[in-house]
Amino acid sequence: MRIHDSLIGGVLLLLSLAVLWHIQGFPPAAGQQYGPALFPGLIAIGLGAASAVLAWQGLRTKQPWLVLSEGLRSPRHLAAFAITVGSMVFYILLSETLGFIVCSLVVLVALQWACGVRPLLAVAVAIAATLVIHTCFYKLLKVPLPWGLLQRFAW
Amino acid sequence: MDAVLLALQMVATPTVLVVMLLSGIFGMFVGAVPGLTATMATALLVPITFFLPPVPAVAAIVTATAMAIFAGDIPGALLRIPGTPASAAYTDESYAMTRKGQGETALGIGLVFSCIGGLFGTVVLIVAAPALAEVAIKFSSFEYFWLVLLGLSCAVFITSDTPLKGLITLCLGLLLGSVGLENPAGHPRFTFNSPDLLSGLSLIPAMIGMFAISELIRFTLDTSKVAEFKAQIGSVFKGMGGLMRKYPKQTLRGSVLGTAVGILPGAGADIAAWMSFAMSKKLSKEPEKFGTGHPEGLVEAGAANNSALAGAWVPALVFGIPGDSITAIVIGVLYMKNMNPGPMIFMNNPQNVYAVFIVFILANLLMLPLGWACIKASARILRMPRNVLMPIILVFCLVGAFAINNALFDLWILLGFGVAAWVLEENGFPVAPAILGMLLGKMLEENFITSMIKSDGSWLAFVERPIAAGLAIFTLLLWGGSGWLAWRRRKLRPITDPVPA
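Sequences listed follow chains G and R, in order.
Quick note, the first sequence lines up with residues 1 to 155 if you use my numbering.
Quick note, the second sequence lines up with residues 1001 to 1501 if you use my numbering.
One chain only, chain G, in its complex shape (with noise of 0.2 angstroms):
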């Protein structure tokens, strides 16, 4: 996904803004002439220069807006992509309720069949895989690895 150097160079002129603007607020040190806004101002000021010039350089080449990538083109990609994006965010958002095993249980089917794994061999491999992962990670190194739904099966 090939994004026009201008528009890169002008959402992060907005945001090297956003950032001079949000530091005013930032008290200055007790004592000492330099405050915490000195640093992020000075880059602040470097990543506007340098996003300017970008943006500027961008405008003089004949470049599309954007050009999507072949794999982003396809659908069934496109799908896997998404699926990848989306188990993340379902990991992180159920994990505490759902519990790990489940969790794992879920990304790792939907990713394999995104992947185009046949379905048995992705359901084996995702029991396989949560159970040598919770092994590992809980029991070995001692990680807290939620339960879930699964709280009154702990071992």
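It cannot be assumed that every hint is accurate.
[As the list claims (entries may be wrong)] Simulated coverage check for chain G against chain R, where a stretch passes if three residues somewhere in it have a Cβ under 8 angstroms from a Cβ of chain R:
hint : segment
1    : 18 to 26
2    : 71 to 81
3    : 87 to 99
Since the hints were made in silico from the structure, they are not lab data.
For glycine and all other residues, C-beta sits at the position ideal for the given N, C-alpha and C.
Position chain R relative to chain G; hints supplied.
Just chain R now, with coordinates in the frame of chain G:
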């Protein structure tokens, strides 16, 4: 001497040796599977190293990366798909050798000369790091300020094709690094009243996101098909002695250049390989043979990319400034393990530094048997279905990023940085400067503010001490030179040229 013995005792434990063996196998595997990089291997290892004592943690990363950089040559030679970007420079050459029926020689060169290059880089690390540390101990905030600025400038101007885009990602990294309470004034910046952001953006989830999640996204959108390789590979060590006698100068040149490029902040094994392959062709007596399956360039670039790995540890250990994205992750791990990098580590904990040196030597020697086994098993590894592997890696990333702070918020960082890194790379923005910016931002700001307070706001104080003045001149020359080059390039190129998509 006591410290060396102590270090030997620290390394020669079953835990360290088993960890090295396992991480070596892991590194070989990750390197040999196209699409998984050595940096990704390091990022995936971090959650595990978090739970290990310091020496095995460092040993795991050193071994895995050394193996991965070599193993990247395997699919390059057999399928013409580089396993890691560090092998991309000479993939065409090694594949041409395979087509001529010299596949085992191409792989043998990768293995043997990687080992030689890696050992050379280790020797430089052993000699240069303590010597530099003695100088570094005299550094004040002024020198550190210039050093960090020089390092960041190198990452932007020398190692990136598009310095302007590198500068932008560096600024973004520095801005992201300034989030949180941990600034000289102790004022919460860019936290938007969120307690999760008070301690800043967690670096490890950010790195796993940038180096692993972005690869996964790229994989889901990849429409190309991976070719299959079925043939058996013969003896890989045959003829290596002859090549060593025939190309001693090339081996040395590749190792020296690789180490030097590794030491430069921001430049890693991949840039070392590209530069030394180009140099080999330029200085060769038979440049016309390049591209037809000629071993000379492979010897030089194969040595270069592994020596760069050790070279990158020199600034990382001495100054806490990473030489490449792998050492950027390593510095995070070292801080996590209370092995804070910097010149004082050589005074306070010399045994830890010697242990790292010993681990480097062992890892490079371990490469020979493990590499041989990996080449033998390569047909199986290359057949590994990536559409099964990638989803497992995704769950591993989620759990790994969570494991560092046991915080779900870190997973948002993982996702955000992953998507951002993918978009940036698609548009030609290098992501390494962003990581360096996040990592070094605090150091730069602290030394800048301290210097300003010490000098009472006088800019002249920044160039009054001789080393600081020298570093300042270097930095300004680098900026001036890069600006001039960019201006010349633009002048020579007609502005109507369409930019390739």
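Now the hints, each set against the structure:
Three residues within the 8 angstroms Cβ limit are the bar, and the segment 18 to 26 of chain G against chain R gives 4, so the coverage statement holds. Residues of the segment 71 to 81 of chain G with a Cβ under 8 angstroms from some Cβ of chain R number 7, which satisfies the need for three, so the listed coverage holds. For a cut-off of 8 angstroms, the count of residues in the segment 87 to 99 of chain G with a CB near a CB of chain R stands at 7, and the three-residue condition holds.
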